[in-house]
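Please build the complete structure, drawing on both the sequences and the hints.
The UniProt record's numbering numbers the first residue of the sequence shown as 1 and each following residue consecutively.
Possibly wrong hints are sitting among the right ones.
Said to hold, decoys possible - Calculated pairs, SDA-like style, for lysine to any residue (alpha carbon to alpha carbon, straight line, at most 25 Å):
id: 1; residue 1: K413; residue 2: V374
id: 2; residue 1: K279; residue 2: H220
id: 3; residue 1: K366; residue 2: T261
id: 4; residue 1: K412; residue 2: S358
id: 5; residue 1: K400; residue 2: S157
id: 6; residue 1: K279; residue 2: D219
id: 7; residue 1: K413; residue 2: S337
id: 8; residue 1: K250; residue 2: K366
id: 9; residue 1: K366; residue 2: T324
id: 10; residue 1: K116; residue 2: Y149
id: 11; residue 1: K400; residue 2: P411
id: 12; residue 1: K366; residue 2: S325
id: 13; residue 1: K413; residue 2: R326
id: 14; residue 1: K147; residue 2: I176
id: 15; residue 1: K279; residue 2: R244
id: 16; residue 1: K116; residue 2: K400
Said to hold, decoys possible - Beta-carbon label-pair distances, calculated as ranges:
id: 17; residue 1: I243; residue 2: K147; range: 23 to 33 Å
id: 18; residue 1: G327; residue 2: K366; range: 17 to 27 Å
id: 19; residue 1: Q160; residue 2: D235; range: 43 to 53 Å
id: 20; residue 1: Q160; residue 2: Q372; range: 34 to 44 Å
id: 21; residue 1: Q359; residue 2: S84; range: 28 to 38 Å
id: 22; residue 1: D168; residue 2: R245; range: 21 to 31 Å
id: 23; residue 1: D125; residue 2: R201; range: 20 to 30 Å
id: 24; residue 1: K412; residue 2: D235; range: 33 to 43 Å
id: 25; residue 1: T206; residue 2: Q177; range: 19 to 29 Å
id: 26; residue 1: S375; residue 2: L329; range: 41 to 51 Å
id: 27; residue 1: H303; residue 2: P165; range: 42 to 52 Å
Simulated from the structure, these hints should not be mistaken for lab results. Think of the CB as a built atom: it goes at the ideal place given N, C-alpha and C, for glycine as much as any other residue.
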Amino acid sequence: MGDSVPQDTRSQSPEEFFTRRHTPSGQPSAALPPPASITPNTPSHKNMFSYRSPQKQLASGHPTPTSHHNSAQPRGIINLNARSDLYSVSPINYSTQNLLSTPRKPPRPISRVPFKVLDAPELQDDFYLNLVDWGSTGLLGVGLGSKVYTWNSTSGSVEQLCKLPDGDRVTSVSWIQRGTHLAVGTHRGFVQIYDAQAQRRLRTMTGHSARVGALAWNDHILTSGSRDRLIYHRDVRSPDQHIRRLAGHKQEICGLKWNHTSGQLASGGNDNKLLVWDKLNETPTFRFSQHVAAVKAIAWSPHQSHLLASGGGTADRTIKFWDTSRGTLLREIDTGSQVCNLAWSRNSDELVSTHGYSQNQIVVWKYPKMEQVVSLTGHTFRVLYLSVNPDGTTIVTGAKDETLRFWKVFPKKGEDRTKMSSKLGDWGSIR
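Structure representation (structure tokens):
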């Protein structure tokens, strides 16, 4: 076998491999002097078939550096490491093999069935309404026909808050950010405010000439959007019916959301437009026209102050993300079905979307890659209603199948996601 030890050549570049001179040990590798005559001489080094390609030049003119895998291994010393790439019969080196064999982090377990289901008779099948909202005190408000009910998530008790007179119907509900005041929009264009704790109506406000399908609070400012294409800002501390009148949409307003950090208001309408208003200004700051269907699904990120998500209806099917500080579209994704609602997780970079035609699914997404964490099914009709509980872990969804379904989809604040459980919570058993 001789005294030489085979050396690992797999980490060498093609240039090194073909230019390695097999000079016998102890013999200098100096270049041969030029021949004294034109008669060719036989080279003494017997490297007749060696080839040296030109070194690649970098932009700076310097040759490309090459790595010598065994440069630290002196020649003539035997490598006794059995895990060395020198003795591997695989084309993949050991470090890469270890990386590939490392088990992937298991995904956060999410139960694919709701842990609680409540009956919701007369829950309307209308894309443009907003009939379910979960308040900061744990009360869930639901509009059913002409009545509004509250469900206590701690005790499980159900109370009828109000019944509208003269055949009027509930078209929207929205809790104040902190407290027990609930705003109710009606089919006849009224906006009423109730104290859920005292079980009484505080006031009724007028102004709209058609149904009020969208409501949004920003501290003491209550904003309402209607089929009459108008948006009203109302200061509930003032006796005036409204303090601002916004006319930016050409069809019914079906989505309203305040950004409580930046003071911006986003409004979506059946005219396929998404408008962004700065505070109480009567002229929109940005007017986005990229959606090709009604924009009801609107959600502000709680993690980035100017990040807005919006979803389009049946002809659109996309979720779009906007930078409302510059008025630019960041990205979009085709979901394959009508986008009815959007909500961000308060505790992680995730959001949930609910869908209608044609799959009626609930999807949790990982932002910004927009990879699906889980897709949930259970409703037999389009999932028109969505709200998130106060601690940000549970969502409630509603549909024409006249059920409210409760799902644990988001992690708790600071919770190790790998340890999350999909067991039933303290909400009781399925009906």
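Going through the hints against the structure:
Straight-line distance between C-alpha atoms of K413 and V374 comes to about 20 Å, which keeps the hinted pair within the 25 Å bound. For the proposed pair K279 and H220, the alpha carbon gap of about 13 Å is at most 25 Å, so the pair holds. Simply put, K366 and T261 have alpha-carbon atoms about 23 Å apart, close enough for the 25 Å limit, and the pair holds. Distance hint between K412 and S358 is unfulfilled; the C-alpha atoms sit about 31 Å from each other, more than 25 Å.
A distance of roughly 23 Å separates the Cα atoms of K400 and S157; the hinted pair therefore holds under the 25 Å criterion. Restraint check for K279 and D219: the C-alpha separation of about 12 Å stays at or below 25 Å, so the hint holds. Pair hint K413 plus S337 does not hold up; C-alpha atoms about 31 Å apart against a cutoff of 25 Å. Annotation: proposed proximity of K250 to K366 is violated, straight-line Cα distance about 34 Å (limit 25 Å).
Between K366 and T324 the alpha-carbon distance is near 21 Å, which keeps this suggested pair within the 25 Å criterion. A hinted pair counts as satisfied when its Cα atoms are at most 25 Å apart, and K116 with Y149 qualifies at roughly 17 Å. With a CA separation close to 28 Å, the supplied pair K400 and P411 exceeds the 25 Å bound. Under the criterion of a C-alpha separation no larger than 25 Å, the hint pairing K366 with S325 is consistent with the structure, at around 23 Å.
Taking the CA atoms of K413 and R326, the gap is near 30 Å; set against the 25 Å cutoff, the hint is violated. Taking the CA atoms of K147 and I176, the gap is near 19 Å; set against the 25 Å cutoff, the hint holds. For a cut-off of 25 Å, the pair hint linking K279 to R244 stands: about 11 Å separates their Cα positions. Among the hinted pairs, K116 with K400 is consistent with the structure: their alpha-carbon atoms are about 17 Å apart, no more than 25 Å.
At roughly 30 Å, the beta carbons of I243 and K147 sit within the given window of 23 to 33 Å. Checked against the given bound of 17 to 27 Å, the beta carbons of G327 and K366, roughly 26 Å apart, stay inside it. Separated by about 29 Å at the C-beta atoms, Q160 and D235 break the suggested range of 43 to 53 Å. A C-beta distance of roughly 39 Å is found between Q160 and Q372, which places it inside the suggested range of 34 to 44 Å.
For Q359 paired with S84, a C-beta distance near 53 Å fails the hint of 28 to 38 Å. Checked against the hint of 21 to 31 Å, the pair D168 and R245 passes, with Cβ atoms roughly 23 Å apart. A C-beta distance of roughly 27 Å is found between D125 and R201, which places it inside the suggested range of 20 to 30 Å. Checking the proposed 33 to 43 Å range against K412 and D235 shows it holds: the Cβ atoms sit about 36 Å from each other.
Distance hint for T206 and Q177: a CB-CB separation of about 24 Å, consistent with the stated range 19 to 29 Å. The hinted window of 41 to 51 Å between S375 and L329 is violated, with their beta carbons roughly 25 Å apart. Take H303 and P165: their Cβ atoms lie about 44 Å apart, and the range 42 to 52 Å holds.
The structure shown violates the earlier hints numbered 4, 7, 8, 11, 13, 19, 21 and 26.
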